[in-house]
Amino acid sequence: MATEEMHESGISRREFASVAAAAAAGLLATACGNRRLYDIPKDKLRAAVAEMEKEYSAKYGKAVTVSDAGPMPGVVFAYALDISRCVGCRRCVYACVAENNQSRDPEVQWIRVLSMDKSKGIDFQDADPYYQPETVPQDGRFYVPTACQHCRNAPCTKVCPTGATWTEKDGIVVIDYDWCIGCRYCMAACPYGARHFNWGKPTLPSDQVNPDMHVLGNRPRQQGVVEKCTFCIQRSRAGRYPACVEVCPVGARKFGNLLDPNSEIRYIIENKRVLLLKQELNTMPKFFYFYGT
Amino acid sequence: MSFSQKFPRFVTGSVQLVTRGNTTYWVWLAVLAVLILSGADAFAAQVRHGLIVTAMRDQVSWGFYIGNFTFLVGVAAAAVVLVIPAYVYDWKPIREIVIFGELLAVSAIVMCLLFVLVDIGRPDRFWHLLPGFGHMNFPQSILAWDVIVLNLYFIVNFIVVTHILYRAFHGRHYNKKIVVPLVLLSIPMAVGIHTVTAFLYNGLAARPYWNSSILAPQFLASAFCSGPAILLAVVLLLRKFTRFEIQDEAVWKIAELMAYATFINLFLHGSEAFKEYYSNTEHALYTRYWFQGIGEHRTLVPFAWTAVLLNVTAFVLFIIPKARRNPVLLYTGCFATYAGCYIDKGMGLIIPGLTPDALGEIYVYYPTIAELRVAAGVFALGFLVFTLMLKVAVPILLGEFHGARDPRAAVTH
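Chains A and B supply the protein sequences, listed in that same order.
Number 293 marks the last residue of the first sequence (my numbering); no jumps.
Number 1413 marks the last residue of the second sequence (my numbering); no jumps.
Please keep in mind that the hints were generated in silico from the structure rather than gathered at the bench.
Keep in mind that a hint or two might mislead.
Stated by the list, open to error - One-sided and incomplete, this derived list gives chain A residues near chain B with beta-carbon spacing under 7 angstroms:
#	residue
1	ILE122
2	ALA127
3	TYR131
4	LYS158
5	TRP179
6	TYR185
7	TYR192
What the hints assert, rightly or not - Computed Cβ-Cβ distance ranges for the label pairs, DEER-style:
#	chain 1	residue 1	chain 2	residue 2	range
8	A	ASN262	B	HIS1283	15 to 25 angstroms
9	B	VAL1301	A	PRO133	43 to 53 angstroms
10	A	ASP260	B	HIS1283	37 to 47 angstroms
11	A	LYS169	B	PHE1133	20 to 30 angstroms
12	A	LEU45	B	LYS1176	33 to 43 angstroms
13	B	GLY1295	A	LYS169	15 to 25 angstroms
14	A	GLY70	B	PHE1133	24 to 34 angstroms
Nothing here was measured: the structure is a model prediction, and the numbers come from that model.
Glycine residues also receive a C-beta, built at the ideal position from the N, C-alpha and C atoms.
Can you make the complete structure from the sequences, with help from the hints?
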């Protein structure tokens, strides 16, 4: 069955010799119709997702649901972040990890908060991602949280040799963890350091698993594949805010439908001073930074 | 004698050749075997534990493996590009070397493909990019292009060498209708594999160090240095240890061509350095990391200047006719070229390309023992392939070893 190779939880059990065997099995699986999620018809996807639910529920000892909700018509998601409000507390970083089932060891984090010098403005060469003061914000510093910018002209999806990453109709750039071969070309192509690789076997304690999953989002990842922010696809497609938006104590994070003229995101773009990171690269991010005050 | 009789004779003959040899031969094979086993062992651990056994991390997501891959694509390309003077000007002395260039190309491509395989996180899923089985993101992904051209290049060269040797073994001249078109095809393909590999990096706007239009020409120039350097060393060794006769003119001519290539390589590097340093934008950071270091991070600086020194030395040795005719200086020049390009094109291309990372962080990458062992294993496997092919090719080409039972069979065709 196709899902056997697809949902193999990690490579660690395999010995060297069995790699070839696994590849051969993969070839066979292909003949039986194993395809990347992008190509799987809706009805077959439902079956594959049901398999995943069974597997994950058994593995983590709790009822896991894996959504296969598609994009909503008339919706393109966009994000806005108020640089003048962010205090650099990193609550978003940890809420993201808890929500999206990132590996705890080795640690994988989708959001990276950069501490910058107010006198220098946004200057990556002078940014400090490892700031550890007693309290934030520090005098003279401001904070620029980064994550996937969900570019309209995404360099990462263009370079992927297997088509394992693509942009959904609602603008979310997603990865098929079962199709990614781990070549990391997308990581070289990403101007925002948004993509993260599972260098070791990801660990996720059962009591910390978020059982509310999406097939293109926060379901457990395997060793040797790339992952990144999905705008909390399991939440946003269910009409909820991403975890980072909810947790932000100062309300610096805004999220909404770019196509809705009455949305908060549109208000910000039309009325605030907005900037895009590395605008000169023409990646056309759907992640806007702005100065609210 | 039919094909069904001839082919097994060719195979058994080849097996006989590679299983006979003097002590040096067996010691060499033993060394390679040890390195291959050590590499396989390290690779097994890497597959088990993940690429975490390497020094690569999110900040520097490619390292030693991809550096070696890039360098070897150049070797594969340049070895065959020597065919140009041989065929275009029908210059006999170099023509005899062409077959070794093709053998070298075949071995180099084997190493290239292996370096990609050991670098990917899920080698068990390589079939995902095979058209028909998986999904190849062609023509968008330059990596897809690279996979295609490298494999085609491998096939073309493999057919040519096998055909020439097979025919020679049976005492017949190769079929011009097969060989000439394929050799002519392999010339643009050699340029092609290198251009495509350069574009792989060149197309990434996220990495200013690579996103320079001089990259592809510079790749070709450095390939024209490193490829012939190895070839020349092999030819000199063959001349010493076998009856193989290669004229001095051929050797000197190649050395002279290498001098020009080295000059162009240095010139292109210089142009790039001028642009970066004079305009002094924030993009100069990567070049500065390579040549000067940033702050206390100066790991790469000795490598950078060693490469410059080696390349300049090679140029001086090869451009002076008297120097390149001196055997010792000739070897020295070959070594300097090889080492210079290896540093430049391997670590010197990949690491400063990714350091500082996209968000400005400096992560100091230095390959781990595990990485070095895997890489040594891949090199050893490539050298093994090359050694075995040479072991078969040389006696056949010298006519010391052939399979024609009936001598008349050799002339009737």
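Now for the hints, and whether the structure bears them out:
1. ILE122: Where the cut-off is 7 angstroms and the nearest Cβ of chain B is about 10 angstroms from A:ILE122, the hint is violated.
2. ALA127: Since chain B brings a Cβ to about 5 angstroms from A:ALA127, closer than 7 angstroms, the hint holds.
3. TYR131: 13 angstroms, violated
4. LYS158: 5 angstroms, holds
5. TRP179: Constraint on A:TRP179 satisfied, holds at 6 angstroms.
6. TYR185: 5 angstroms, holds
7. TYR192: Hint holds; A:TYR192 Cβ to chain B Cβ min 6 angstroms, cut 7 angstroms.
8. A:ASN262 / B:HIS1283: 15 to 25 angstroms: 42 angstroms, violated
9. B:VAL1301 / A:PRO133: 43 to 53 angstroms: 33 angstroms, violated
10. A:ASP260 / B:HIS1283: 37 to 47 angstroms: With a Cβ separation near 39 angstroms, A:ASP260 and B:HIS1283 satisfy 37 to 47 angstroms, so the hint holds.
11. A:LYS169 / B:PHE1133: 20 to 30 angstroms: 27 angstroms, holds
12. A:LEU45 / B:LYS1176: 33 to 43 angstroms: Between A:LEU45 and B:LYS1176, where Cβ atoms are some 56 angstroms apart, the hint is violated.
13. B:GLY1295 / A:LYS169: 15 to 25 angstroms: With a Cβ separation near 46 angstroms, B:GLY1295 and A:LYS169 fall outside 15 to 25 angstroms, so the hint is violated.
14. A:GLY70 / B:PHE1133: 24 to 34 angstroms: Given about 27 angstroms between the Cβ atoms, the range holds.
Violated hints, listed in ascending order, are 1, 3, 8, 9, 12, 13; each of the other numbered hints is respected by the structure.
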